[in-house]
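Novice: In case you want the letters, here they are:
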Amino acid sequence: MKIEEKTASVAGLPAEPERATLEGKNKILGFWLFLGAETTLFATMFGTYLALKGETLDGPTPPEIFVMPVVALATVVLLTSSLTSVFAIMAMHQNDVKKMIRWFGLTILLGAVFLGVEIYEFIEYTHLGHTLTSSAFGSSFYLLLGTHGSHVLYGVCWIIGLMIQARHKGITVHTAPKFYVASLYWHFVDVVWVFIFTVVYLMGMMA
Amino acid sequence: MATLIILIVVALFLAAILTGGYNEQYLDRVKQNWLWDWITTVDHKKIGILYLIGGGLFFAIAGLESLLIRIQLMFPNNKFILGDVFNQLLTMHGTTMIFLVALPVLFGLMNVIVPLQIGARDVAFPFLNSLGFWLYFAGGLLLNISWIFGGAPDAGWTSYATLALNDFSPGPGVNYYVLGLQIAGIGTLISGINFLVTIINMRAPGMTYLRLPLFTWTTFVTSALILFAFPPLTAGLFMMMFDRLFETNFFATNGGGNATVWQHIFWIFGHPEVYILVLPAFGVFSDVISTFSKKRLFGYHSMVFAVVLIGFLGFMVWVHHMFTVGLGPIANTIFAVATMAIAVPTGIKVFNWLFTMLGGRIRFTTAMLFATGFIVAFVMGGVTGVMLAVVPADLQFHDTYFVVAHFHYVIIGGVVLGFFSGFYYWWPKIFGTFLDEKWGKWHFWLFYLGFHLTFFPQHFLGLFGMPRRVFTYEAGYGLELNNLLSTLGTFLMTAGVFCLVFNVLRTVIKGQQAPGDPWDGRTLEWSISSPPPEYNFAQVPQIRGLDAWWLEKQEGNDRMPPAEPLGPIHMPSPNYLPFVMTLGFFISGLGFVFHSIEVGFLGLAVVIVTLYVRSFEEDHGYHLHPKELEEGVNGS
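Those sequence lines, one after another, are chains A and B.
Position one of the first sequence corresponds to residue 536 (my numbering), numbered consecutively onward.
Position one of the second sequence corresponds to residue 9 (my numbering), numbered consecutively onward.
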């Protein structure tokens, strides 16, 4: 039950340190529920986008602006980062702090690359006259993509904080739930991207 | 201007901290203060009390607003409050009552009672619990300071686009609405998650799902509804905020936006919200009625089933608020049928309450009076609800006082009476004293008669064609008498509330001590002392059936069998970070209200820094040792 009593036992870490304490279990369950709430948040934004995407006014339409190679690059980068975060959690289960930090480092590096690609993409779009205020399509597009992008940014900052903690405190039953939850978050952000890729880009380019 | 002032204040704060403008002694003095204790508390019982105080405060404000509205409508062509101020009163009355009163006071009861009912020492996330309260309070404060700075929101509590956009609502009014609700909404979501995890993970051994008291069950379903209903509101408020602050075009029709999208989003949240409010009240009634009938709840399983079904159907009916939008006969029909279907589980519940009382040994305490009064009022509200669900009829009723009468019958008849019932029922548990029964009965009768006198005539006002939201009407259309009666009813209700206030003050000053089990209760919270010790249960109890405490009393035990030996108890330490984080949100909200984006981001920066500080904090709480506990065990 009590976190601090279980951290440095002689027998080493339990097999699943993230679930070894009630606090850890609560944190993970609470986070799953939070992701449920986030799902509804994004669902609302997707719904709004679908309702408004035809309202381009005089601005460019989706097929005119979306560039497949750029989007594909962003997708590959982000999906790979999900894989590396899995490796980080596997390293955590092996109680290998250094390896975990390395994998998490690679994860957020890929996240940063994704953000870079997205920023480049947005700048290109604004040159084409597709801005937040140009039309209802623009507003709903940037809100959806921007919310996702800010989630990626938040994840990058968060995992940096966790990497610092991992260096100082190592993997304990107190820190393990944090790493685990962060990786859940990262997967979730990826899943949202898969939907964005399909609903916004693929459906947009086919129209 | 506002930007400048806030920046200066922040700079002064930083200067004070960096130059040592405070010292250790001063900080010590601050920490000794009782206020510090309440600001930093993570005890779910204290947070529950904070919710009750906050809700009470806003109840007074919103009640006053309704009184002013009714005084204006007392006579035809009255000139008491006109035009814009009336719109502001109307908007703020609705917004405050729904977001800042109804849910928070129920949260207050849940916070205190749910962990006790499931045999838990605490909630799952004490830190977040405190954060949830402060965010709610800050959001409410932000909404209400609009009266003083720049004018209150005036686009109705539904804040429909395009009325709520810049063209028709210039000035900061609706900004307060958007940001205040955003901040309060985060707090609500946090609390919802907290209750869910608490109920799923922290039940005492033997407390299976089908042994949970009904109040806990309804809290559970309500929290699930919050989880899925509040994020759409968050998204919608975000869009409206962007439309107002950054000239986006979500709802602005001249930019290609669609005002109906706001209606959909608002009601996808708004309809479940009704059930978020009323389900906990159902839970209160179930517990109160079975306790004061001295019988176990009739049809416990069907009760649980009905709660879950209502929770599910609550998400399927939002379009019944939009029958007149013109979505077409198919959509209207589907949602009309789904709406009427809710009457079935609700009927199950009503009959179960009646059958619980049938043949019981009923004690008409104040709590029980509110519960029985509720059944009548709520059934009436339900019947008019079915009337409104009939689409062709709704085209006539829509936006008339008939709707106003309906939802006040449901919200006051359900939620407010439910809260009062729970308030009288659990007051002894929360504070360890009794509320006076005589004053309680005055409160009930004045409030209950006033309520019917206020809202029953409004059905007829609606049928006679009086639209809602208007600030005056002409004489000679048959509206005078009913409006007069309705306003007189509000005075009676106010008198009732004064009885409650007097009762509370009287009890706080010289209340009669309450024992641990004053009502001969059935559920677990009555098995410990009143008020409960900070660790709730010295030993986590072993649960052997439904109505666990009643079961033990039937077998002649004077306390619950323990599920664990007496040992040190782990407690979370108080924390000031929730308050600081809330301050950040508040500053941010204020900044965005006045279009000063720098201050908005400054506030958010405070939030981010606090998040980091929290993440790095090494705080494992403290232990209470068995020696300190012995007193509690014997005293229970």
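These are calculated hints, taken from the structure and not from any lab test.
Glycine included, C-beta positions come from ideal geometry on N, C-alpha and C.
Take the hints with a grain of salt, since some may be wrong.
[As the list claims (entries may be wrong)] Estimated spans, in silico, between C-beta atoms of each pair:
no., chain 1, residue 1, chain 2, residue 2, range
1, B, LEU43, A, LEU570, 35 to 43 angstroms
2, A, ALA550, B, ALA339, 13 to 21 angstroms
3, A, LEU570, B, ARG622, 36 to 44 angstroms
4, A, SER685, B, PRO213, 41 to 49 angstroms
Novice: Work down the list of hints and note, for each, if the structure agrees.
Specialist: Each hint, compared with the structure:
| no. | hint | verdict |
| --- | --- | --- |
| 1 | B:LEU43 with A:LEU570: 35 to 43 angstroms | holds (37 angstroms) |
| 2 | A:ALA550 with B:ALA339: 13 to 21 angstroms | violated (52 angstroms) |
| 3 | A:LEU570 with B:ARG622: 36 to 44 angstroms | violated (20 angstroms) |
| 4 | A:SER685 with B:PRO213: 41 to 49 angstroms | holds (43 angstroms) |
Checked against the numbered hints given earlier, the structure breaks hints 2, 3 and satisfies all the rest.
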